[in-house]
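> So the chains spell out like this:
2 protein chains.
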Amino acid sequence: MSIIVQKYGGSSLANPDLIRNVAKRIASTSDDSNQVVATVSAMGDSTDNLLDIASKITRLPNPRELDVLLSTGELQSCALVCMALQELGKNAVSLSGAQAGILTDSTFGNAKISNLSTDRIQMELNQGNIVVVAGFQGVTDGLDITTLGRGASDLTAVALAAGLNAERCEIYTDVEGIFTADPRLVPNAHKMDEIGFEEMLEMASYGAKMNPRSIELGMVFNVPILVSSSMNETSGTLIHEVNNMDMKVGEIRNRVRGIATERDVAKIIVYSVVDRPGIASSLFEPLAQADISVDVIVQNSSVEGKTDLTFTVKQSQLDRATSVVKKVADELGSGQIGIDENLGKVSVVGTGMQDSPGYAAKMFKTLATSGINIEMITTSEIRITCIVKVSDLGKAASALHDAFEMDFN
Amino acid sequence: MSIIVQKYGGSSLANPDLIRNVAKRIASTSDDSNQVVATVSAMGDSTDNLLDIASKITRLPNPRELDVLLSTGELQSCALVCMALQELGKNAVSLSGAQAGILTDSTFGNAKISNLSTDRIQMELNQGNIVVVAGFQGVTDGLDITTLGRGASDLTAVALAAGLNAERCEIYTDVEGIFTADPRLVPNAHKMDEIGFEEMLEMASYGAKMNPRSIELGMVFNVPILVSSSMNETSGTLIHEVNNMDMKVGEIRNRVRGIATERDVAKIIVYSVVDRPGIASSLFEPLAQADISVDVIVQNSSVEGKTDLTFTVKQSQLDRATSVVKKVADELGSGQIGIDENLGKVSVVGTGMQDSPGYAAKMFKTLATSGINIEMITTSEIRITCIVKVSDLGKAASALHDAFEMDFN
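Those protein sequences? They're chains B and W, same order as listed. This note's numbering numbers the first residue of the first sequence as 238 and each following residue consecutively. This note's numbering numbers the first residue of the second sequence as 238 and each following residue consecutively.
Heads up, some of the hints might be wrong.
Identical copies carry no separate label here, and so any pair may be met within one copy or between two of them.
The list that follows gives simulated cross-link-like pairs (lysine to any residue, SDA-like), each with its CA atoms no further than 25 Å apart [to be verified]:
1. Lys-327 / Ser-343
2. Lys-428 / Leu-524
3. Lys-327 / Ser-292
4. Lys-349 / Leu-380
5. Lys-564 / Thr-547
6. Lys-602 / Gly-386
7. Lys-327 / Ser-553
8. Lys-428 / Ser-351
Hints were generated in silico from the structure; no laboratory data involved.
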C-alpha cells in the first residue's frame, strides 16, 4: 500500500457541486493499492468573508482569536468533503489540524510546524478510512489553535506527505500546473511537465502561485509534488528532485526554465547614507520590527564615504515603510528619501544557468532592445531579477520568453 | 470574587453591531467583584446555512461530520466576541468546547456531558481574562468533536455555571423572559419575575423556548438561571429553587404559573390491540429504534381483552411513525390504525397545583365553555395537558389564561 496525499484549494471547493467533484477525485484515487489523505482549504472566498466580519468589529484583530475564526473555514470544508465521500459509499473521517497531530509554535497567524504526530492518521488509514485533514492549521502545546499563514494548506499537505512517507503529494488547484510564465502576460507561455525544487522555489517566491515554504519542505524531505487542475484531467507539473541525467538534457535544451513576474512593487531610495558598518541594520531592523517585508536590496558603491541604499517593499506597505525610514534617515546621515511606485519584478529562473555566463547579459540586452528601462537588478545562483515599470512587465516577460526560446522548452 | 456565567443566543449575535453590543454587556458585568464566563451560540442563522450546504451534498449527513461542521458556527462567534471585548480594552480569550474541558459521550448530534474539567477556564480567569466559550459542543475521550443537540448552548452555560460554582447563570435571548403564555396566542400574557425549576421544566418541555436539559441541570446543581433580553435592560425571569415562603405566597396568589402551548402535534390510534403484558413495548420499541419521539401516550381501559392505544408524535415524524406502526400492527392483533393531524397541546403548569384538586376540572370546564373539544388528556404532578385542534390552540390558551386569573399573577 502506498499513501497519496492530495490537497484541494478553495476555488476547487467553492460550492456543493465542486465539493462532490473533489470527492469523486479522492474516491477514484483510493483503491486497493493507494491510501489517500486529503487536505482541504476553506470554501471559495469564505476566509475573506470571515476577515470582513472581523474587520467590522475591530481594526486590529487579536492574532489568537483571528486564528480561531479563520481555522473554521477549513473545518467546514473537510466535514463537507467527508460527507460527499460517504455519499459515494467510501469510509472517510475528517480531522482538524489538532486531531491530525500538527503541532506548531504559537506564532499566531504564521505558525511554524514544530512536530507532526501521525498516529491518529495512521490509525484511521489502517481502519480503511480516507482521511480528510483541515489544511492551514495546527495546534500549540497549550492546545491553542494556530494558522500557518495564507496559502499554507499546501504546507499542510507537503508536511503530511513527508511525515507519512507518502509516495507523492498532489496539489489540485484551478490552474493546470506551473507555466513557463504568467499566461495572462505571455500568451505563448506553456505548462511545464516537470521542474526542480530549487527552480520552483525561485518561481514561487517570484510570483508563481504556490506557498514557498511548502516547496522548501518538499525539497528537504524529497517529496515529489504534482501540481494539477482539479477541473480536468491534464497531467499537471511534477516538482521533484531533478537528477543529473535530466540536468544534462536540460542543459542541452535550455537552461532557463521559467519567467517569473510580480506586481505590487515599490522602491524606496535613501540617498547619501554614511557608509559605515551597521548602517544597513539601523535601517532594516526598524522595518522588520514594523513587520514590513523588504525584498530586493541594492547598495551602490561608496563615493566619498557616502552611498545610496535602495530597496523594494510591497506597494501596499509603502506608506508605512516610508514613515519608518523617515524616522531613521537623520541617524543615517541622510535627509533625502526617494520613492518610486508602480514597479514590477521580472525574473528568469533555471538551475541550468548556474556557472554559465551570458544569461544576465542576454536578459539585459533583451530588455534594452524592447525599450524597457531596468530600475534595479538582483541575482541569485539560479535567478536573475530586474525591477521594471509595472506597465512594462508584460512586454518584458514576453520578450524574455521569446529570447530564451521557451516556446520550445 | 464571584463568577457569573452568561449565555448569548444566535439572534443576539447576528451581525457585527449586535456582537459589539454583546461585548459591551459582558464587559459591563466584568468588574472588581465579578469574573465572567460567557457562552455563545452561532451567529443568526449560520447553523441553518451550514445545514443547507450539507443537505445539498448528502441526504443523510454522517453524524460525526455534521458535528464537525456545525461546531464551527459557535467557534466563529466566540472568536468575534473576544475581538469585540479586546476592542473595548478588556482581556478576553475564546475556548472551544474541547478547550473548555467539556467532555461528552460519542452520541454525535445529541451528546451527553460526561465530565467537566474547568482547569483551563479557572487558569484564564485567574490571569484576568474574560472567558468566552463556544456553546453547544464538547469533545469525546478520543478527541472527536460532538454537539449537544439544538439549543444546547443553554446547557453549556448551565453546566459551566454548575462546574464553576457560579453565583448565577444568565441566559440572554431575544425575548424578555418567561411569559405566562405565548404572547402571540394570548395577548395579555405577561412576563414572570420568577419561576421554580420544576414549573419551568414543564413549561420548557411544553413549548416555552428553553432547552429542558439545561433546566434539569440547573435544578440538580441548584444554579439560579436568569432568562433576559440582550436587547434592553428589563429584569428578565429568574428560574430558581422556590422556597417555602414563596410557595405559600404562591398558593395564596395563584397555583397556576403558566400556560404552555405547542404546535406540530399528530396523533396515531392503534385500535383493538390485544391487552397482554409487553404490548406497549412491542409498539414503542420499534418507534424508538426509528428515532421517533413519542410524547403523550394514552391507553383506554380494556374491553373484552382488547384496548385502543393512542399516542402523539411530531407532525413532521408522522409519516415515518405510521409506517413503523403498520409493520407491527398485525403482531399486536390489530389491523386498524387511525391518524389525526393538525393538533396542538395546551398545558397549565404550576407546583402549587400539586395535591390540590379542582384544577383539572376547571381546565376541562373552561375548554368546554369555549366550545373546544379535548382529544387527549395527560397529567403530571404539576401539569395538566390537553390535546386540542391546533386551530383552537390560541382560543384555548387565552381562555385558560383568563380562567386562572393569570393577568393578576
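> If a hint holds in the structure, say so; if it doesn't, say that too.
Hint by hint, here is what the structure shows:
Within a single copy, Lys-327 and Ser-343 get their C-alpha atoms only as close as 36 Å, which misses the 25 Å cut-off; across copies the closest is 21 Å, which meets it. For the homomeric pair Lys-428 and Leu-524, neither the shortest alpha-carbon distance inside one copy (38 Å) nor that between copies (60 Å) is at most 25 Å. Proximity of Lys-327 and Ser-292 under a CA criterion of 25 Å is satisfied inter-copy only: 18 Å between copies versus 40 Å inside one chain copy. In this homomeric assembly, Lys-349 and Leu-380 come within 25 Å of each other (Cα to Cα) both inside a single copy, at 15 Å, and across copies, at 23 Å.
For a Cα distance limit of 25 Å, the shortest separation of Lys-564 from Thr-547 inside one copy, 16 Å, qualifies, whereas the shortest one across copies, 84 Å, does not. When the C-alpha separation of Lys-602 and Gly-386 is checked against a cutoff of 25 Å, the pair qualifies neither within a copy, at 39 Å, nor between copies, at 70 Å. In this homomeric assembly, Lys-327 and Ser-553 never come within 25 Å of each other (Cα to Cα): the closest approach is 46 Å inside a single copy and 30 Å across copies. Taking the closest pair of Cα atoms, Lys-428 and Ser-351 never come within 25 Å of each other, the shortest separation being 35 Å inside a single copy and 56 Å across copies.
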